[in-house]
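Chemist: Here are the chains, one letter per residue:
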Amino acid sequence: MHDLTQEKLADELGVTRQTILAIEKGKYYPSLDLAFKIARFFGVTIEDVFIDEDAESRKKL
Amino acid sequence: MKQNTFYLLAGIVGLAEVGIFWLSVEHHSPLLIVVSIIAGIALLYWARSKVTDRKEDERTALISQKSALRTLEVFWVVFFAISLGGAVIGLGAPGFPRPPRPPNEGLIPLGNLGFFQMLLLCLMIFLYVGFKIYYARQLGEWESDEEQD
Numbered sequence: 001m002h003d004l005t006q007e008k009l010a011d012e013l014g015v016t017r018q019t020i021l022a023i024e025k026g027k028y029y030p031s032l033d034l035a036f037k038i039a040r041f042f043g044v045t046i047e048d049v050f051i052d053e054d055a056e057s058r059k060k061l
Numbered sequence: 001m002k003q004n005t006f007y008l009l010a011g012i013v014g015l016a017e018v019g020i021f022w023l024s025v026e027h028h029s030p031l032l033i034v035v036s037i038i039a040g041i042a043l044l045y046w047a048r049s050k051v052t053d054r055k056e057d058e059r060t061a062l063i064s065q066k067s068a069l070r071t072l073e074v075f076w077v078v079f080f081a082i083s084l085g086g087a088v089i090g091l092g093a094p095g096f097p098r099p100p101r102p103p104n105e106g107l108i109p110l111g112n113l114g115f116f117q118m119l120l121l122c123l124m125i126f127l128y129v130g131f132k133i134y135y136a137r138q139l140g141e142w143e144s145d146e147e148q149d
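Protein chains in written order, with the numbering used here: chain A, 1 to 61; chain B, 1 to 149.
Here chain B stands alone, though its shape is the one from the complex:
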């Protein structure tokens, strides 16, 4: 498979996931989007392994490693700090350790948690892309010379 075919497939999968997300919201079925996201990513990983004209070497692997490590380092600090904030709210709740359940509110508002997790995920993606650009630049990804095409 050519690299461009892979990009095309990734675009199609991305659009399909958006559609499935909408369907999932319409039918109130979180399982649908969960399963389709996992299946979509598995498909893309499989397709990526079939790309023949993709060139990776030790330098590109180093760029990926360094950016992933830095992302993880920043992310765990942010996640830890936010989780501690959450713990403080939990500990300060009236009736700790088991606050009395309000009579008409049986469930935790999981929708808010979902949005919060999406926000953290976006932060992680932005961080990774940012670090990748930084390290790619540091390790000569966009260097040019007289032999440049």
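With the rest of the complex left out, here is chain A:
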């Protein structure tokens, strides 16, 4: 997608590449500010990038 490396994305968002990797692996939940930046960067909404696991599990019940 976007022919983008983690390094480039990290530079664009002003964070370290390790932070991007930690978010991808679910080891770190970004702040709302960073989540908005990521969504804005890809031109999508936050819900398209991040999943609210609680809401998803409630839907299944």
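Note that these hints are calculated values from the structure, not bench results.
No false leads were mixed into what you were given.
If the Cβ cut is set under 7 Å, some of the chain B residues that face chain A in the computed set are:
no.	residue
1	Lys55
2	Asp57
3	Glu58
4	Arg59
5	Leu139
6	Gly140
7	Glu143
Fair warning: this is a prediction, and the values are worked out from it, not measured in the lab.
Backbone N, C-alpha and C define an ideal beta-carbon position, used for all residues, glycine too.
Based on the hints, put chain B in the right spot on chain A.
Modeler: Only chain B this time, still in chain A's reference frame:
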């Protein structure tokens, strides 16, 4: 300033502090080491603010915050417990609240207190480093994937 230049400077300051400590002991001048430690740390803080290729973000800040908080939590319990032990010794001293001063021992052996404080400081440093490693690992500091260099 590059990150590696900062590390080099930190090494030089560290070695200088060891030398000044020795000088301070030789000349029986505690003020020398006190002033030089404060000056050295101030210099390192200033140098760190000049590093241009250091990358910090919210995740690394969170790692530092969490480890500092945990260190403080453990440290105050240990310090409180030890201080209470000291208070018990003080309260149990003969002639409390003001024990009679022995005729030939005018001063409290402050050297022992210094070693004890150094021990507590070392404990704090070890705790901080340990917690930092723990939280760094928890927050994906050493994760790798196919994009790894």
